[in-house]
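Engineer: Start from the sequences, fold in the hints, and give me the full structure.
Protein sequences appear in the order of chains A, B, C and D. If you count by my numbering, then the first sequence holds residues 9 to 158, one letter each, in order. If you count by my numbering, then the second sequence holds residues 9 to 158, one letter each, in order. If you count by my numbering, then the third sequence holds residues 9 to 158, one letter each, in order. If you count by my numbering, then the fourth sequence holds residues 9 to 158, one letter each, in order.
Heads up, a few of these hints could be off.
Any copy will do: because identical chains look the same in the list, a pair fits if it lies in one copy or spans two.
[Stated by the list, open to error] 20 Å max Cα-Cα, derived EDC-like pairs, lysine to aspartate or glutamate:
| id | residue 1 | residue 2 |
| --- | --- | --- |
| 1 | K120 | D104 |
| 2 | K43 | E134 |
| 3 | K43 | D104 |
Hints listed in this document are in silico derivations from the structure and should not be mistaken for laboratory results.
Protein chains: 4
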Amino acid sequence: MSVCLRVAEQGYGRSMTHHIGAMLEAHAGQIDLDKDALAECIAACFQCAQACTACADACLSEEMVAELRKCIRTDLDCADICGTSGRVLSRHTAYDANLTRAMLTACAQACKACGDECAGHAEMHEHCRICAEACRRCEQACNRLLEQIG
Amino acid sequence: MSVCLRVAEQGYGRSMTHHIGAMLEAHAGQIDLDKDALAECIAACFQCAQACTACADACLSEEMVAELRKCIRTDLDCADICGTSGRVLSRHTAYDANLTRAMLTACAQACKACGDECAGHAEMHEHCRICAEACRRCEQACNRLLEQIG
Amino acid sequence: MSVCLRVAEQGYGRSMTHHIGAMLEAHAGQIDLDKDALAECIAACFQCAQACTACADACLSEEMVAELRKCIRTDLDCADICGTSGRVLSRHTAYDANLTRAMLTACAQACKACGDECAGHAEMHEHCRICAEACRRCEQACNRLLEQIG
Amino acid sequence: MSVCLRVAEQGYGRSMTHHIGAMLEAHAGQIDLDKDALAECIAACFQCAQACTACADACLSEEMVAELRKCIRTDLDCADICGTSGRVLSRHTAYDANLTRAMLTACAQACKACGDECAGHAEMHEHCRICAEACRRCEQACNRLLEQIG
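Structural biologist: Spelled out as structure tokens, the structure:
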């Protein structure tokens with residue numbers, strides 16, 4: 009099998025954004041937000057929640073854990089907030105733009121704080137580099153949705 | 009044993025606010041927020057998360073579930089948001105006022121939306137009445153903390 | 009107002025177990041489990057989730073954080089597992105005894121592990137002492153429910 | 009740009025399993041479990057948590073919501089349990105095989121129950137078909153890890 013096909017099957021076939029988009033299409037209610045931006049944001053929230061949980065634990069195992077306190081705390085907050093945002097954005101029954109906006113604002117804020125903190129350790133710790141990337145992707149996805157909601 | 013003593017031991021002795029306050033006192037770091045307002049808000053967040061989870065399920069078991077769709081959705085969002093707020097507020101290492109403010113704002117918003125929705129069914133459904141009360145208590149506790157943070 | 013009345017109003021009136029019990033009474037569906045044991049277990053789960061979240065953060069702020077790695081990790085697991093158990097137990101629509109049993113088993117296990125770990129630091133860290141107590145209460149409440157389910 | 013490259017960049021490049029695997033490689037501690045099976049299981053847990061959250065909400069918006077009560081309840085439990093399992097599996101500091109086993113057992117059980125329930129509505133509701141698939145993938149991934157732990 010060609011590398012491309014393997015990538016297509018294992019990578020794209022399992023892409024979370026793709027599955028989330030299919031779920032949005034299957035919803036009986038009306039969804040006013042752009043579905044691509046929405047699917048991307050939900051996927052970014054869940055991925056960031058995982059990355060931050062893993063980064064907090066990886067920091068905890070570092071010899072220099074005492075210097076990574078702020079990173080761990082920010083990771084834990086960001087994991088919780090992204091997880092909740094991903095859930096709120098996955099619901100479309102009785103949509104409430106005000107609540108969505110408030111949650112996206114908190115999420116973008118958490119991702120900014122955690123991305124900045126992790127970026128500061130990215131050269132020393134690969135897990136912080138990966139986590140910072142996940143935070144940036146999620147922050148951008150939240151801000152894109154916020155622009156749409158107005 | 010007198011009723012008063014039983015209440016004192018079982019009620020107050022197990023009061024969540026009391027335990028949370030003791031945890032705040034035991035923290036080695038500095039906590040700038042008023043600890044009573046903070047403990048009250050954390051307790052209100054966890055109680056509201058439970059009440060909303062239970063109310064969503066109680067609504068789901070009602071014969072008129074089709075008319076309670078909005079209530080269920082708002083309950084689920086409020087449960088997630090209050091749960092996350094309760095966790096963020098329980099952390100004091102490397103405190104970030106901006107993130108705390110953003111999360112408290114989203115939480116007060118969720119509690120207001122859910123409290124309003126549940127209050128509309130309070131006369132028909134006792135679980136909505138209890139849940140509306142938990143939402144009001146949590147909304148007020150969030151707003152009180154928000155005033156302090158400025 | 010007498011101290012007893014104040015306790016009754018502020019303590020018992022706000023006791024989480026009491027509110028949870030009222031929610032159980034308001035549920036339209038049938039609940040086969042003993043409601044007192046159930047309310048106590050739900051309250052213990054939410055309280056333990058809070059205590060473990062707070063203890064993980066308090067450990068993170070200790071000077072000797074490097075020696076508290078295991079405690080922090082166990083706290084974080086226990087917080088997540090107790091939070092989820094508290095939610096599962098708060099639902100009674102289409103009750104599934106097998107799932108409830110599996111979740112209670114995992115929760116009792118998490119509380120045992122975290123209670124043991126925290127108890128080992130209880131004399132040095134007050135937050136570990138309080139957390140160990142919350143874990144013991146929750147472990148016992150889970151085991152009591154497990155006996156009922158059989 | 010070729011389709012293959014686009015797939016590679018958007019699909020594989022963003023594949024959650026891939027990112028999770030990179031995080032596992034970056035961990036300073038020892039990880040005894042097979043990292044591919046672990047990364048697959050963590051990704052399956054987070055994806056299933058999202059799918060179940062979305063399916064519960066999609067069911068809530070269906071005209072026949074009253075007939076989907078059991079599906080909604082099972083979705084909500086499965087979402088919470090998968091979310092927590094994904095977090096527990098993302099931590100490797102002070103690994104506890106007993107706790108991991110108990111949580112994986114509960115998770116496989118929840119995925120089995122939810123997968124069976126959703127599969128029963130798969131022909132009528134596309135969101136249930138997608139959700140059943142996510143549950144099956146997660147159930148299998150949990151069972152594969154359980155075999156390793158022994």
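Engineer: Can you give the numbers of the hints that this structure goes against, from lowest to highest?
Structural biologist: The structure breaks none of the hints.
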